[in-house]
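Trainee: Turn these sequences into a full structure, and let the hints steer you where they fit.
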Amino acid sequence: MSSSPSALLSATFYEPGHDHLVELVHQRDGEARRRLASLAVELFDPAGASVHRRAVDPNQEILDLDTVAAPLVGSHGRLMVLFDARYDERIFPYRPHHYAYLHRRGASAPPLYYAVNAVLGGVPDRIGATGINNFESYLFSSSFSGRYSVMLGNVSRFAPARAQVFSYHGGARSVEEVLLPPKAHREIALAPEREGHRLDRVEVKALFRLASYVVGRHAAGGELMLFDHMFAYVKPT
Amino acid sequence: MTTPALPPDADALLLCYCTGLTVGALREACRAGRWPLPGLERTGKLCTGCLGDLLHCLRALGAPAEDPAPDG
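As they're listed, the protein sequences go chains L and B. Position one of the first sequence corresponds to residue 1 (our numbering), numbered consecutively onward. Position one of the second sequence corresponds to residue 1001 (our numbering), numbered consecutively onward.
Since the hints were derived computationally from the structure, they do not count as laboratory data. Careful, some of the hints might be misleading.
Heads up, incomplete: computed chain B residues facing chain L, CB under 8 angstroms, no partners named [what the hints assert, rightly or not]:
hint, residue
1, L1013
2, L1014
3, C1018
4, G1020
5, C1030
6, C1047
7, T1048
8, G1049
9, C1050
10, L1051
11, G1052
12, D1053
13, H1056
14, C1057
15, L1061
Reference excerpt, derived from the structure (chain L facing chain B, CB under 10 angstroms, subset only) [claimed, not checked]:
hint, residue
16, S4
17, P5
18, S6
19, L9
20, D84
21, L112
22, A115
23, G121
24, A206
25, L207
26, F208
27, R209
The following label-pair restraints were derived from C-beta to C-beta distances [as the list claims (entries may be wrong)]:
hint, chain 1, residue 1, chain 2, residue 2, range
28, B, P1064, L, A219, 18 to 28 angstroms
29, L, S38, B, E1041, 20 to 30 angstroms
30, L, A115, B, P1004, 42 to 52 angstroms
31, L, V175, B, T1003, 41 to 51 angstroms
32, B, L1037, L, P160, 25 to 35 angstroms
33, B, P1004, L, P110, 46 to 56 angstroms
C-beta: ideal position from N, C-alpha, C; glycine also.
Mentor: And the structure:
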């Protein structure tokens, strides 16, 4: 067991007008509160420029993302938020997780509760996740009258990312190519229906893992109905 | 197209969150002709998130190219 801290970099996206609370450590034992060794939060505009970085007290359990990001978002519309955590693997033998509560203020739609996308680290060899995870997919199990999209972010320091976003409607596949400079992010719209077939799957393929979420919004009011990270592709055996 | 040199202040950056490799340790290993370091052979191939940066750094440091395909 290593004496140096383990590292995990997780990512989400912020849009204004939402209550967006991030549970920095998901406690499993009320009698034994677990703490990260350190945590830094950094926010990036869509072009990849850092707009804010701060250390967060590892004793803090909840981060009100709207309080941090609302003064910074300006005309960007969306910011990528990176959580750079260091932790002791004896305290988190699996790995820490950040979970978040997301709800547009005043909306009648129910709030969403999601796992923040772990992008770098989390020692996948130790937890047994040894499959390819830069091919990610999402299956749409139900349909609503709304707009779907994928949010993609490149968390690299130096390398641009070239990704392909495949959407499937029935047996038909369509693809969009996306190029993201370091720390840049984009929202890619997905057609909810093509030739009478509804959207049933989306895949993202890239040389390396990206921050990725699928998003569903109500057609009329734009309220979020879906905000979920994608899942690693599993090769059939 | 040439890969720009890595700035000296990049050395403290944690390049691989899975193996703990820093840019500085990679720079030193490449300078000494010792890359991949023992125990760090799977850098870039676990969560794969750092693979683009790893290849960028290896090019910038003049290391021989390696197979970018991750395990799995």
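Trainee: All the hints need checking, so say for each whether the structure fits it.
Mentor: These are the hints, each one checked on the structure:
1. L1013: holds, 6 angstroms
2. L1014: holds, 6 angstroms
3. C1018: holds, 5 angstroms
4. G1020: Holds, about 6 angstroms.
5. C1030: Result: violated, 15 angstroms to nearest chain L Cβ.
6. C1047: holds, 5 angstroms
7. T1048: The hint holds - T1048 (chain B) has a Cβ within 8 angstroms of chain L, the shortest such distance being about 5 angstroms.
8. G1049: holds, 4 angstroms
9. C1050: holds, 6 angstroms
10. L1051: holds, 4 angstroms
11. G1052: holds, 3 angstroms
12. D1053: It holds, given that the least Cβ distance between D1053 (chain B) and chain L is near 5 angstroms, below 8 angstroms.
13. H1056: OK, holds: H1056 (chain B) within 8 angstroms of chain L, min 4 angstroms.
14. C1057: Hint on C1057 (chain B): holds, closest Cβ of chain L at ~7 angstroms, below 8 angstroms.
15. L1061: violated, 12 angstroms
16. S4: holds, 6 angstroms
17. P5: holds, 9 angstroms
18. S6: Interface hint status for S6 (chain L): holds (8 angstroms vs cutoff 10 angstroms).
19. L9: With Cβ-Cβ at 6 angstroms, under 10 angstroms, it holds.
20. D84: holds, 9 angstroms
21. L112: violated, 24 angstroms
22. A115: Status violated, d = 15 angstroms.
23. G121: holds, 3 angstroms
24. A206: holds, 9 angstroms
25. L207: At 6 angstroms from the nearest chain B Cβ, L207 (chain L) passes the 10 angstroms test, so the hint holds.
26. F208: holds, 4 angstroms
27. R209: R209 (chain L) check passes; min Cβ-Cβ to chain B is 4 angstroms, inside 10 angstroms.
28. B:P1064 / L:A219: 18 to 28 angstroms: Since the Cβ atoms of P1064 (chain B) and A219 (chain L) sit about 53 angstroms apart, the hinted range of 18 to 28 angstroms is violated.
29. L:S38 / B:E1041: 20 to 30 angstroms: With a Cβ separation near 28 angstroms, S38 (chain L) and E1041 (chain B) satisfy 20 to 30 angstroms, so the hint holds.
30. L:A115 / B:P1004: 42 to 52 angstroms: violated, 36 angstroms
31. L:V175 / B:T1003: 41 to 51 angstroms: Given about 28 angstroms between the Cβ atoms, the range is violated.
32. B:L1037 / L:P160: 25 to 35 angstroms: holds, 27 angstroms
33. B:P1004 / L:P110: 46 to 56 angstroms: Given a distance of about 48 angstroms, which is inside 46 to 56 angstroms, the answer is holds.
In summary, the structure is inconsistent with hints 5, 15, 21, 22, 28, 30 and 31 from the numbered list given earlier, while agreeing with the others.
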